[in-house]
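Participant: Listed here are the chains, written in short residue letters.
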Amino acid sequence: MRILLIEDNEALADATQEYFRQIGHPLDWTVSVEMAERTLSWDDFDMLILDINLPGRSGYQLLQSLRQKGKTIPVLILTARAEIDDRVSALDLGADDYLVKPVDFRELAARCRALLRRERGAASNTMVCGNLVFDMARQEITVNDQPIELRLRELQLLELFLKNLDRVLTKEDIANKLYTFDEANTPNAIEQTLTRLRKKLSDSSLHIKTIRGLGYLGHIDD
Amino acid sequence: MTKTVYSLQQQLITRTGLLMLIVFLILSAGVWDYARRAADLSYNRLLNSASLSIIERISVQDSQIDLDLPYAALSMLELAPDDKVYYEVIDHRGQHLTGYTKTPSPTNYHPNSEPIFYTATYKGEAVSWVIQSKRLIAPTANGWVVIKLGQTKNARHELSDEIFFSSLATLSGILLLTLLMVWLGVRRALQPLSIISENLKSRSPNDRRPLKTPAIREVTPLIDAINNYQQQLLNNLQTMKVFIADASHQIRSSLGGIQGQLDVTLQASDIDDIRSRLVNIRQQHKKLTRLTNQLLAHALVTHRSDSMEPQSIAVNPLVEELLTEIVRDHAHTQIDFSYTAEADNIRIPGDKVSLKEALKNLLENAVRYGPENNQIDIILRPGDANMLEIIIDDSGPGIPAHQRRQAVQRFSRLSADASGSGLGLAIVETVIQAHQGSLKLDRSPSGGLRVVIRIPGARL
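Taken in order, these protein sequences are the chains called F and B.
Here the numbering used here is used: position 110 in the first sequence is 110, and no number is missing along the way.
Here the numbering used here is used: position 220 in the second sequence is 220, and no number is missing along the way.
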């Protein structure tokens, strides 16, 4: 897994590099869009952490040209601008996530993992979510390398949450995905399945929060 | 000055001048036509009376047509001394009787006692002709005798030129006078502008008095607009000054704290001591970061409330989106969230960015000041009189009634150890005011804080 950091603030870049090295994800660093383009032309990366205010061309321009070339590499935008509107334009231009400086490194690392997970999950059959590993081909779950026995419904529910991390799933969403039309699916049944799932995964990095009145949200805390 | 500066005065005068020129040309054409017709009419009359007196002298004597040419008649035509006169008389058989030969006739001429005027070239010159006939009734000579009388056009041209040029002189005089009046009028009309700009130029930037209004009705709105604008700027300036003073105090204190800790840490030699001080510094720094973010957010909402046009906001998705973000950020905690929307598709006019920032602050406050197993409830309720109520309840310690007013004020924190920036509720208050709403702090059913926001739903 290779990450390229494009950031002109040396102190921040240095610290970021050190932090990622310590958690075992060394990252490469360039200071400008021009250098980043050169680096990207001869090397493959799994994701970019991109500052917006750079000397010369801005991060937006790099993002734009990447997307125009059809590159789908995940891009996480870092910006010092407080304007919340920036988020809109960054996401419009094809950024995958967005953080405002100063960033908490743990937060940054977690967001990077989430992006890489999404990218990998689509490519391979194994999803690694913190200490929880889901082998989709074999329909097997381990938490801290310990296999967890799940019933079919629980497995389906888990897969649904893992594929929709950090998004709200309403009861209707879940019912539509898990049950066929003529199956009895009282909201209670979903609730019971969820309770069992939570219990079995209580030691895992996956949190499934209930937002009464809205739905459920799965989040990996790693 | 911008690059495309143009003079209103010059433009007005140029355009009026151009219009005048067009009017002048059209009138000149009219006058020219009139002068020509007037000259023709006068000289044709002379020509006609001459031809009449000639025709009267035609008689039949002894089967001979007799013409006693009246020289008086021709002398009438001597009023135009530079012109040549031609005549020809043709008898009832169509034979040349006397005068010049081969004078031109109008096409398709039928002998008639009425005179007919026409212009035709004779001897290489344009000549005005009159043709008239007289019917002879005599046994020997029965038929029409035709007389043609012609005169060159010098005198006519002179007359028409004279009429034309004298009219033209009058016309130009009137137009020039009008142009002068326009010029004076424009200058007079634009004078208040230069008075205002002189006034503004000579003002010192610290002058807070409104501009004096000249007693001109058309200028008053401009002055009012300038004064309003100035007042707005002054208010902003005042708010800004107070804010900068408060903010500087906060930032400097924080920076001072961090710097002190850093200095002490540099002196320390025990690794555990250094570590605990670094933890302390990090804590301080986090506070400073939050303060900075809140200052910027406050500046943002203040700026937006001053400058944004309200747009229709769909409240339900806004709150749901915000709640999703908050839940995601606190997924690892025991905090329990609930959401109750008593109506779908609630819309209010306002600024989405500011409103989201305000609600985010309220939710973050609820998380920050609440217990670990906090219960946070958001309720959207269409209230009476088209007011939307947004209620945020928590199960934290709440704020005692006597401190609630103070809580909303900027940089006022209710307890010394709280990690807040002192700006959260001030941001909320600014946003709610910009939406013509109200903010009320109360006690939640679980004994915590209840924040009630009421925002008018309809465009005011």
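Calculated from the structure, these hints are not laboratory results.
One thing to keep in mind: the hints can contain errors.
Here are the simulated lysine-lysine pairs, DSS-like style, with alpha carbons at most 30 Å apart [said to hold, decoys possible]:
(1) Lys134(B) with Lys209(F)
(2) Lys101(F) with Lys360(B)
(3) Lys201(B) with Lys286(B)
(4) Lys171(F) with Lys200(F)
Participant: Between the alpha carbons of Lys171(F) and Lys200(F), is the straight-line distance 30 Å or under?
Facilitator: This hinted pair holds, its Cα atoms lying about 21 Å apart.
Participant: Checking one constraint from the list: CA of Lys201(B) to CA of Lys286(B), max 30 Å. Satisfied?
Facilitator: At roughly 48 Å apart (the allowed maximum being 30 Å), Lys286(B) and Lys201(B) break the hint.
Participant: Would the pair Lys101(F) and Lys360(B) pass a check requiring their Cα atoms to be no farther apart than 30 Å?
Facilitator: holds, 18 Å
Participant: Lys134(B) and Lys209(F): Cα distance at most 30 Å?
Facilitator: Distance ~125 Å between Lys134(B) and Lys209(F) Cα, so the pair is violated.
Violated hints for the displayed structure, listed by number in ascending order: 1, 3.
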